[in-house]
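Here the sequence shown is numbered in the working numbering, starting from 368 and rising by one per residue.
Treat the hints as calculated values from the structure; they're not laboratory data.
Source: prediction; values computed, not measured.
Keep in mind that the hints are not guaranteed to be accurate.
To be verified - Listed below are the simulated DMTMM-like cross-link pairs for lysine to aspartate or glutamate, each with C-alpha atoms no more than 25 angstroms apart in a straight line:
(1) Lys611 - Glu533
(2) Lys575 - Glu554
(3) Lys575 - Glu495
(4) Lys422 - Glu445
(5) Lys585 - Asp557
(6) Lys422 - Glu478
(7) Lys526 - Glu554
(8) Lys611 - Glu554
(9) Lys526 - Asp557
(10) Lys611 - Glu494
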Amino acid sequence: MHLDPLSLRLFIAVIEEGTIAQAAQRCHIAASAVSKRLSELEDSLQTSLLERTNKGVAPTAAGVELLQLARSALNELEQVNVRMRDFASGLRDHVRVFANISAITQFLPREISTFLASYPQVQVHLEEKISAHVTQAVAENAADIGIIARGLYGQALEKFPYHSDELIVITPSQHPLSQRQQVTFAELLDYDFVGLHTGSAINMQLQKAASALERQIKLRMQVTSFDALCLMVEAGLGIGILPKAVARPYRATLGIHGLELKEPWAARELLICVRSYEALPRAARLLVDHLRQL
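Using the sequences and the hints given, assemble the complete structure.
So this is what it looks like as C-alpha cells:
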C-alpha cells in the first residue's frame, strides 16, 4: 500500500469542497484526474471513503477517520520541510567553539547568550582550551570557531579582531608590592609566582618575557583557572598575572591587591580564528558576525 501526499491533499479538498469539480478547481487539476486519484486511494485502502450523490460527495465512516489522519500526516510532513529548511539555512545547527580561558571568563557568556536569544534553534558547544590547542582544533576541523590570544601558533587560519584586554599583577594584601600602584616585569622576578597551566597564552608570554631578561620565573605552582589562581595568591603562595576585568570581582571580595604591569605586552588582543569564513556553515558564520560586531 502506497499513500502519497497529493492523493491525501486531494481527498481533503474533496471533503472540504463537497464536490470533485470544486476540489479540482481549487487544486488546479482536472476533475477526471481527481476522480482517478480517489478511486486509486480507495483501492489501496480496500475500503469505500466517499458516498457519491447527484449533489456531490460525503465521507463514509472510514472517510471521516481518514480525514483526521490525513490532516495530521500532512502537518507532520510540513514540519519536516520547515525543520529541514532551518538546517539548510543554518538556523538550526550545531556550532563548535573552542576558546581560551580569558575569552570565556570575560566575554563569551554574555555574547553567546545574546546570540542564542536571536537564534534559539542553534546549539553552541563551547570548550575551554589553551590558545595553541584552539588553533590546532580549528585547523583539524574539530572546532568551527576559535577564540585565541594573538600569537604565533603555526596554523594558517583566517583571523578577525575580537576584543582587547589588559594584564595586571595581583599580590596578597600583605605582600611587599601591595603598596605599589605599578610595577615592571623585571621587578616581579624576585618573587614566587602562581601560574596558569602549561601552554596557556599568559604563561607563554611570561616565559618569553623572562627569557628576554635572561631570567627565570620562580613558578611555585600552576592552576587551571583564574579563581584558583586568585585564591592561591590570597593564601600567600605567590603573585599572579591575569586580565584586569577578570581580577576585578576577586579584588572586591578577596584579600588581594592589584597593580598595573608596565610592559607593552600587558595590552593584549584576542582574535577569532576559522579555517575559512566562506566555507563555514551558515549558523557558524552568523555567530562569527555576531561576535565581530560586539
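Evaluation of the provided hints:
{"no.": "1", "hint": "Lys611 - Glu533", "verdict": "holds (6 angstroms)"}
{"no.": "2", "hint": "Lys575 - Glu554", "verdict": "holds (16 angstroms)"}
{"no.": "3", "hint": "Lys575 - Glu495", "verdict": "holds (23 angstroms)"}
{"no.": "4", "hint": "Lys422 - Glu445", "verdict": "violated (33 angstroms)"}
{"no.": "5", "hint": "Lys585 - Asp557", "verdict": "holds (8 angstroms)"}
{"no.": "6", "hint": "Lys422 - Glu478", "verdict": "violated (64 angstroms)"}
{"no.": "7", "hint": "Lys526 - Glu554", "verdict": "violated (35 angstroms)"}
{"no.": "8", "hint": "Lys611 - Glu554", "verdict": "holds (19 angstroms)"}
{"no.": "9", "hint": "Lys526 - Asp557", "verdict": "violated (37 angstroms)"}
{"no.": "10", "hint": "Lys611 - Glu494", "verdict": "holds (22 angstroms)"}
Taken one by one, the earlier hints fail for this structure at numbers 4, 6, 7, 9, listed in ascending order.
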